[in-house]
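Trainee: The chain contents come next:
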Amino acid sequence: MDKEMHIDPRTGIILLLLSNIIAFAQSVLWVNGSWVCILALLMFLCGCGRSAAKFLTAYLLLLILQYKLIPVAPKFIATSFSIFVNYSIMMYPCIIIGILMIRKTPLRHFIVALRKWHLSTNFIISFSVALRYFPAIREEKGHIWDAMKLRNIHGLQRMECMVLPMMVSAINTADELSAAAVTRGIENPAPKTSLVELNMSILDWIYIGMGFIFVFLAIYIK
Amino acid sequence: MTATTATTSQKLKGKDLITAGIFAAIYFCVFMIGQLLSALHPVLWILFPFVIALLAGIPYYLLCAKVQKPGAVFIMGMVTGLIAVLSGQDSVIEGITFLIGCSMAEIIRHATKYSSFKGNMIAYIFFSINAVGSPLPIWLMREKFFAKISTLGMPADYINTLDALASPYMLIVLFAAVIIGAVLGSLIAKGLFNKHFKKAGIV
Numbered sequence: 000m001d002k003e004m005h006i007d008p009r010t011g012i013i014l015l016l017l018s019n020i021i022a023f024a025q026s027v028l029w030v031n032g033s034w035v036c037i038l039a040l041l042m043f044l045c046g047c048g049r050s051a052a053k054f055l056t057a058y059l060l061l062l063i064l065q066y067k068l069i070p071v072a073p074k075f076i077a078t079s080f081s082i083f084v085n086y087s088i089m090m091y092p093c094i095i096i097g098i099l100m101i102r103k104t105p106l107r108h109f110i111v112a113l114r115k116w117h118l119s120t121n122f123i124i125s126f127s128v129a130l131r132y133f134p135a136i137r138e139e140k141g142h143i144w145d146a147m148k149l150r151n152i153h154g155l156q157r158m159e160c161m162v163l164p165m166m167v168s169a170i171n172t173a174d175e176l177s178a179a180a181v182t183r184g185i186e187n188p189a190p191k192t193s194l195v196e197l198n199m200s201i202l203d204w205i206y207i208g209m210g211f212i213f214v215f216l217a218i219y220i221k
Numbered sequence: 000m001t002a003t004t005a006t007t008s009q010k011l012k013g014k015d016l017i018t019a020g021i022f023a024a025i026y027f028c029v030f031m032i033g034q035l036l037s038a039l040h041p042v043l044w045i046l047f048p049f050v051i052a053l054l055a056g057i058p059y060y061l062l063c064a065k066v067q068k069p070g071a072v073f074i075m076g077m078v079t080g081l082i083a084v085l086s087g088q089d090s091v092i093e094g095i096t097f098l099i100g101c102s103m104a105e106i107i108r109h110a111t112k113y114s115s116f117k118g119n120m121i122a123y124i125f126f127s128i129n130a131v132g133s134p135l136p137i138w139l140m141r142e143k144f145f146a147k148i149s150t151l152g153m154p155a156d157y158i159n160t161l162d163a164l165a166s167p168y169m170l171i172v173l174f175a176a177v178i179i180g181a182v183l184g185s186l187i188a189k190g191l192f193n194k195h196f197k198k199a200g201i202v
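If you read the sequences in order, they're chains X and U. So that you can map any letter, position 151 of the first sequence is 150 in numbering that gives the first Met the number 0, and since no number is skipped, the others follow by simple counting. So that you can map any letter, position 144 of the second sequence is 143 in numbering that gives the first Met the number 0, and since no number is skipped, the others follow by simple counting.
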């Protein structure tokens, strides 16, 4: 056994939702800031010490940008950048949890967690396929981009040349993937078993508790 | 006997679900593009659903052509909605508009028997309501919304323009724009279908 701690995927989803509420409740900066620090600590505990440090530094840089640089920057630059900066600061907790889950939660665990919540199997299948398909889209985009450069395609034609291969490959992937999945018994109506066993640890409960406390703080402290 | 075979073939199978999942991912990417564009100007921020309706027609119609069964469009929309809400793209209000839009589209598709272009187009107009939840907080909780974005330090210009634009009258324009965008998006998709996808033997 390694010494790293883990969070349950269910905790991850709950924390994500709570962070969303915290972000949209728009409280004072210290609530957002301390929640970011606590989540960075969680990242550290889960064995992502380096990214935790990186994320904290980036957060500090964003704050400096927001409160020191943008007020004195020329108007044009200020308008175009401040929305991005604002949004990033507001959404920072969500980003941290998202990254942590992408790094540390295999999709298999995620699916088991959703099954434990008794979501419809149909929904779980589509949801997990969608999550898995994002990297493929990015890769595809890169390839198409290179091909367009090679063939010197410009202007509005680029849109068409981007969309078409994307859609065709989406349909082909759907065919291939379903052939593979059907062979592995995706349409078998019997309840699925799993090697993965999920348990909520003390860490999970502590973090869920803290999440609720911060939601409370975010709503009542303005 | 025939009735039972008809109902079993109407059930979503593994392949249909995978197709819906893949198009949900593409639909979400369309949302990301829209969000990036909306940072350019307040008008684009308000007319965000118009942009989405214009762009999302192609994945929507491909799914419609591929899976002519109840529930496919609903699952595609709700998966995207859930990812959008979880990833912090949008508020819970958007989750609700997703639920409304997808359910309406599904009902219309059911009523028009899934295969006709006109039926799918009307369903697409309702499906485009999905994105309305993004600018809707401006009208639903106006003071709170503007207080919020100004404490965030959003530039005063942007806020003032947004405030001036977001009259109750604009809300009507918004819904009209959604309908126009959905119709235009449908026509774009139909054009591409005739030009390419039919030749490629995909639909």
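Among the clues, some could well be false.
[Stated by the list, open to error] In silico SDA-like pairs for lysine to any residue, Cα to Cα no more than 25 Å straight-line:
#: 1; chain 1: U; residue 1: K143; chain 2: U; residue 2: L85
#: 2; chain 1: U; residue 1: K194; chain 2: X; residue 2: R157
#: 3; chain 1: U; residue 1: K14; chain 2: X; residue 2: K74
#: 4; chain 1: X; residue 1: K148; chain 2: U; residue 2: L35
#: 5; chain 1: U; residue 1: K10; chain 2: X; residue 2: L28
#: 6; chain 1: X; residue 1: K74; chain 2: X; residue 2: L28
#: 7; chain 1: U; residue 1: K147; chain 2: X; residue 2: M165
#: 8; chain 1: U; residue 1: K10; chain 2: U; residue 2: K117
#: 9; chain 1: U; residue 1: K189; chain 2: X; residue 2: T172
[To be verified] Some chain X residues flagged as far from chain U (calculated, every beta-carbon gap over 12 Å):
#: 10; residue: K74
#: 11; residue: I96
#: 12; residue: A146
Derived from the structure by calculation, the hints contain no laboratory data. Please read these numbers as outputs of a predicted model, since none were measured by experiment. Backbone N, C-alpha and C define an ideal beta-carbon position, used for all residues, glycine too.
Trainee: Work down the list of hints and note, for each, if the structure agrees.
Mentor: Taking the hints in turn, this is what the structure says about them:
1. Between K143/U and L85/U, the direct Cα distance comes to roughly 22 Å. Compliance with the 25 Å bound is thereby established for this hinted pair.
2. At most 25 Å may separate the alpha-carbon atoms for a hinted pair to count; K194/U and R157/X meet this at roughly 16 Å.
3. At roughly 52 Å between alpha-carbon atoms, K14/U and K74/X are farther apart than 25 Å, so this suggested pair is violated.
4. Distance check on the hinted pair: K148/X and L35/U sit about 23 Å apart at the alpha-carbon level, within 25 Å; holds.
5. Our distance criterion of 25 Å between C-alpha atoms is broken by K10/U and L28/X, whose separation comes to about 50 Å.
6. Restraint check for K74/X and L28/X: satisfied, since their Cα atoms lie roughly 24 Å apart, inside the 25 Å limit.
7. Proposed proximity of K147/U and M165/X is contradicted: the alpha carbons are some 38 Å apart, above 25 Å.
8. Distance restraint check for K10/U and K117/U: the Cα-Cα separation of roughly 23 Å lies within the 25 Å cut-off, and the hinted pair is therefore satisfied.
9. For the hint pairing K189/U with T172/X, the CA-to-CA distance comes to about 22 Å; that is within 25 Å, so the pair holds.
10. A beta-carbon of chain U is positioned within 12 Å of the beta-carbon of K74/X; the least distance is around 8 Å.
11. A beta-carbon of chain U is positioned within 12 Å of the beta-carbon of I96/X; the least distance is around 9 Å.
12. In this structure A146/X is separated from chain U by more than 12 Å, as the shortest Cβ-Cβ distance comes to about 16 Å.
The structure shown violates the earlier hints numbered 3, 5, 7, 10 and 11.
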